[in-house]
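Here the protein sequences line up with chains L and E, keeping their order.
Note that the numbering used here has the first sequence beginning at 1, numbered continuously upward.
Note that the numbering used here has the second sequence beginning at 1, numbered continuously upward.
If you're looking for bench data, these hints aren't it; they were derived computationally from the structure.
Mixed in with the good hints, there may be bad ones.
Partner residues aside, some chain E positions facing chain L, computed with beta carbon under 7 Å [unchecked claim]:
| hint | residue |
| --- | --- |
| 1 | ASN38 |
| 2 | GLY179 |
| 3 | ARG193 |
| 4 | ILE194 |
| 5 | SER198 |
| 6 | MET234 |
| 7 | GLY241 |
| 8 | GLY248 |
| 9 | THR250 |
| 10 | SER257 |
| 11 | MET391 |
| 12 | LEU470 |
| 13 | VAL660 |
Cut-off 20 Å, straight-line C-alpha distance, at most; resulting in silico cross-link-like pairs (SDA-like, lysine to any residue) [claimed, not checked]:
| hint | chain 1 | residue 1 | chain 2 | residue 2 |
| --- | --- | --- | --- | --- |
| 14 | L | LYS31 | L | ILE18 |
| 15 | L | LYS45 | E | LYS598 |
| 16 | L | LYS263 | E | ASN80 |
| 17 | L | LYS271 | E | LYS598 |
| 18 | E | LYS215 | L | THR19 |
| 19 | L | LYS332 | L | CYS145 |
| 20 | L | LYS263 | E | ALA267 |
| 21 | E | LYS184 | L | TRP326 |
| 22 | E | LYS598 | E | GLU667 |
| 23 | E | LYS327 | L | LYS263 |
| 24 | E | LYS294 | L | THR194 |
Cβ coordinates follow ideal geometry from the N, Cα and C atoms, glycine included.
The chain contents come next:
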Amino acid sequence: MDIGGTLVKLVYFEPKDITAEEEQEEVENLKSIRRYLTSNTAYGKTGIRDVHLELQDLTLCGRTGNLHFIRFPTHDLPAFLQMGRSKHFSSLHTTLCATGGGAYKFESDFRTMADLQLHKLDELDCLIRGVLYIDSVVSSGPSECYYFENPTDPDHCVQKPYTLENPYPLLLVNIGSGVSILAVYSENNYKRVTGTSLGGGTFLGLCCLLTECSSFEEALEMASQGESTRVDKLVRDIYGGDYERFGLPGWAVASSFGNMMSKEKRESVSKADLARATLVSITNNIGSITRMCALNENIERVVFVGNFLRVNTLSMKLLAYAMDYWSKGQLKALFLRHEGYFGAVGALLELLHPS
Amino acid sequence: MDKSITLPPDEIFRNLENAKRFAIDIGGSLTKLAYYSNVQHKVAKVRSFEHGAEASSDKLYEISVQEEVTPRLHFIKFENAYIETCLDFIRDHLVNTGTKVIKATGGGAHKFKELIERKLGLRVDKEDEMTCLIRGCNFVLRNIPHEAFVYAKHADSEFRFQTTDPDIFPYLLVNIGSGVSIVKVESEDKFERIGGSSIGGGTFWGLGALLTKTKRFDELLQLASKGQHASVDMLVKDIYGGSYGSLGMTGDLIASSFGKSATADKAFSKEDMAKSLLHMISNDIGQLACLYAKLHNLTRVYFGGFFIRGHPVTMHTITYSINFFTKGEVQALFLRHEGYLGAIGAFLKGAEEDNPNQYSWGENYAGSSGLMSVSPDMNPMQRARSGTFDMLEMDRLERQLVNLPLLQDPSSYIPDTMDLTEDAVAREYWLSCFEEALDGVVKRAVASQPDIPEAIERAEKFRQKYRHKLQTLRHQPFAYGSLTVRSLLDTREHCLNEFNFPDPYSKIKQRENDMATKYYQKAVMSLDQLSWEQRQFALVRGVLAGNVFDWGAKAVSDVLESDPEFGFEQAKQQLEERPWLIDSYDQWLERLKGPPHKCALFFVDNSGVDIILGVIPFVRELLSRGTEVVLASNSGPALNDVTNGELQILTERIAAMDPVIQSALTEDRLTLVQSGSSSPCLDLSRLDKVLAQVVRERKTDLVIIEGMGRAIHTNYYARLSCESLKMAVIKNSWLADRLGGKLFSVVFKYEVPAGKATSPDSAPLSPL
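So that you can see chain L by itself, here it is in the shape it has in the complex:
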């Protein structure tokens, strides 16, 4: 599992090749956990299994089975631990590989509340290993990696599969609550270039304050109905058109939330407009920092991952647009279907091939 600032991501491998003998020897606890996880798609009020991401007939460690992807909010971790305790996870003689900051923060809670020992792993190591693994095992069904064709033309902007062979060097941008930007030169050679605190948590946090929404999905839904140009001050709002002296198009945002300096305009915008403007500011800012890192590191391919992009086509298209437009076509924005789960996958791999 990967315990982040906002979400806990859990991947579970369900062996499908269990023999009758094995079945008999298997303790009842394990059966009941497997049954619980695989027969439900929602757990409690907030746990969700992303069924569409499930990878079937996967061979892991000589066993064939399905890989399940489950998430729940970090603030519900106590409930999860409670469940672990009542279902006697600790009796399974297994090691729980965990990454993300929560692996450190909640280590003692795991021990005291659920009698579980965590095997802690570095989140960036796990992230990279997870990305490379998933990309290598997905062969059927929708392509893991994709990009947007014609990103600057809204009418012809379409999602296209992309093959990540010879992926290096690669800029990997992980947008969770905050953002980490990694330059990856090989599986074991990478560095964290920089990061920014303006990430998914900022989008949701600001949306909650500005619109009184209460979930990421709600915030995204609002954003999809809003109009950011009522909130932002555009170049054309200041210069009447393009600022030719500096090659700035009139539609570019000159000042995010700039119109909100005026009382009248503050009174005329809707919550949806504010949510949209928040989404656009945060996304464009990530795009702009990413582009500078790509230039400084001399890398032309950028892979965006992290749960901020989950069901967030708006942001993905904005990123694809920004990379393409401001680099004059030099930079390519790539996305991965399993967005936020790579850290957890990387942690699972540790269990199979301890490094």
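For this one, chain L is given, so just place chain E on it according to the hints.
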């Protein structure tokens, strides 16, 4: 707009009747107006008497006061609410200006276009904002020595002024207005907007207004300064429980701005949200600035725009961010006159035919408000000041100023020995010292104009003005850049000039020059009778004793005032016996036994005994050794320092008595140049261009600096690329005490730059 506001015309829009060429920069809340005027003021001139009249007078020369005209640039900053009142005032006071056009820039320019045209009858000519900004920035960096500073919130002095590299290019200007523009400036005319961000001051203001229901920008900043961002932001320790060790991230680092507000069931305080927002925006801008600086390989990064504009809160967060993202490799730089850049640039665009960039300009301390802190927390007085007018005046200097070519490292040269901005004890002493000396200066000023009854009234105004400056500096030592003894002296000279006391010491200088000249031949004769070695020592003692005669030092002026017979011989008695406080006389003597110097540049100090009986005999000896000498004296008067004009007459007169001087003058082995300065101190980075040229042509290999103002208050630590000799008598007991000596202690500091040692035992000198 409130038309009932009355303006204090004495204070602002000075010299409007002589104004020509206007420019205006109208921002979101402040208007900056610029104009050019010719200031009539009095200057003291000296003129040699005709030879025929010589017999009838004891005097060497006559003093006359003449009217002169100096071009001055005026910049006034006021709140937009005052625009109409100000335009009316200008219309009413403007006399026959030939101006038809007013250059305008800034976001508000179009809004007030019609009003300006109607009120002033001038055509508004819009100039590109960014171009104006860059022009203005180049101008202040080039002409104001302490323009740039780094901000250190918790240091003794929050403002640490930087020496500007004479080569100001290339640099990065990060302008944080409602959005952010990042501009790379490579030369006067070559600049490029290399990037920017939409997350800027407008985001702070707009988003801040939405979150806190607080409308005004400075109120938002005030809220932010009281908040705790950790209650709103998700920190590394909120995720990890502590630090993220393997990446070296401390627990207090912000992992996700506003990460904790992603919940519907909790309320957050306005202060905390404002603080979190401030951090988010400052960090983001800082990060982008660093990425651009790195990509373009630039280390000088200046920040400006309304988001910065002297706000300690934002200067601090930006500084923090830059420091974080570059691991201390790049420092965020701010500008004292940041708010004026657009107006200065617009003005320069309109004044191209006058070629303002061809001249050197100097800040007139008497007419400039200086840097004020706008933080209400830091300075409660400041709140009351908003709504008033801030001013900057730049005088065109007669001479173009450049670096002394012999500075070892011009980019690290700092003229001043002591920074009173940082040294609170020294600051207190000198401020009190200058305050106590004020009565004497006023008296002297009145005495210099005995036939003008209203001089008393003017002198009183001078007293008020200078005292007010001293009071300001007590509260805001950073107002005009680093506070130094030099800046205190220069401010006094500016204030004296302001009230038409161009040369209060002219008569004293005249009397002393007359007296000293009479003893010249006798002094030279007795020196000539000494053995070579005795003579070298006597010459040095002569310079030192001569330097005791100084009306600028309070301890001495008291003696001079009470004992007019205080003679040259007595002065020698007062001198400290060797070994002196700083004593490298032995090395100097050894050096003199070697080959002569090619050319010596001598920065002289006082009139009278000092120059005539101390310096000239010393110079005479150098000339006899085969060394050419360049005498550098002040262009304009300061205290009783000898001016170039006076020195011309004095040397002619001495030449008439002394064939050695005579032939040196005729053969051009002795040259007089002006320093370009009118200060009792010496800034080797701002010297007359001609002086620099002469120094280069003559392959100068020795620089002599004499006197407390030039060799101790300034240049004590100056490193030159050739041999140097600094000679001074410490005529201030506090300073003597500071330096471990006593009143009339002697500094004789002979230095040879490393690698150029002429004798193996030229030992390093003890530091001050």
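Against the structure, the hints:
{"no.": "1", "hint": "ASN38", "verdict": "violated, 34 Å"}
{"no.": "2", "hint": "GLY179", "verdict": "holds, 4 Å"}
{"no.": "3", "hint": "ARG193", "verdict": "holds, 4 Å"}
{"no.": "4", "hint": "ILE194", "verdict": "violated, 10 Å"}
{"no.": "5", "hint": "SER198", "verdict": "holds, 4 Å"}
{"no.": "6", "hint": "MET234", "verdict": "holds, 5 Å"}
{"no.": "7", "hint": "GLY241", "verdict": "holds, 3 Å"}
{"no.": "8", "hint": "GLY248", "verdict": "violated, 10 Å"}
{"no.": "9", "hint": "THR250", "verdict": "violated, 13 Å"}
{"no.": "10", "hint": "SER257", "verdict": "holds, 4 Å"}
{"no.": "11", "hint": "MET391", "verdict": "violated, 28 Å"}
{"no.": "12", "hint": "LEU470", "verdict": "violated, 40 Å"}
{"no.": "13", "hint": "VAL660", "verdict": "violated, 65 Å"}
{"no.": "14", "hint": "L:LYS31 / L:ILE18", "verdict": "holds, 11 Å"}
{"no.": "15", "hint": "L:LYS45 / E:LYS598", "verdict": "violated, 92 Å"}
{"no.": "16", "hint": "L:LYS263 / E:ASN80", "verdict": "holds, 18 Å"}
{"no.": "17", "hint": "L:LYS271 / E:LYS598", "verdict": "violated, 80 Å"}
{"no.": "18", "hint": "E:LYS215 / L:THR19", "verdict": "violated, 70 Å"}
{"no.": "19", "hint": "L:LYS332 / L:CYS145", "verdict": "holds, 12 Å"}
{"no.": "20", "hint": "L:LYS263 / E:ALA267", "verdict": "violated, 23 Å"}
{"no.": "21", "hint": "E:LYS184 / L:TRP326", "verdict": "holds, 18 Å"}
{"no.": "22", "hint": "E:LYS598 / E:GLU667", "verdict": "holds, 15 Å"}
{"no.": "23", "hint": "E:LYS327 / L:LYS263", "verdict": "violated, 40 Å"}
{"no.": "24", "hint": "E:LYS294 / L:THR194", "verdict": "holds, 13 Å"}
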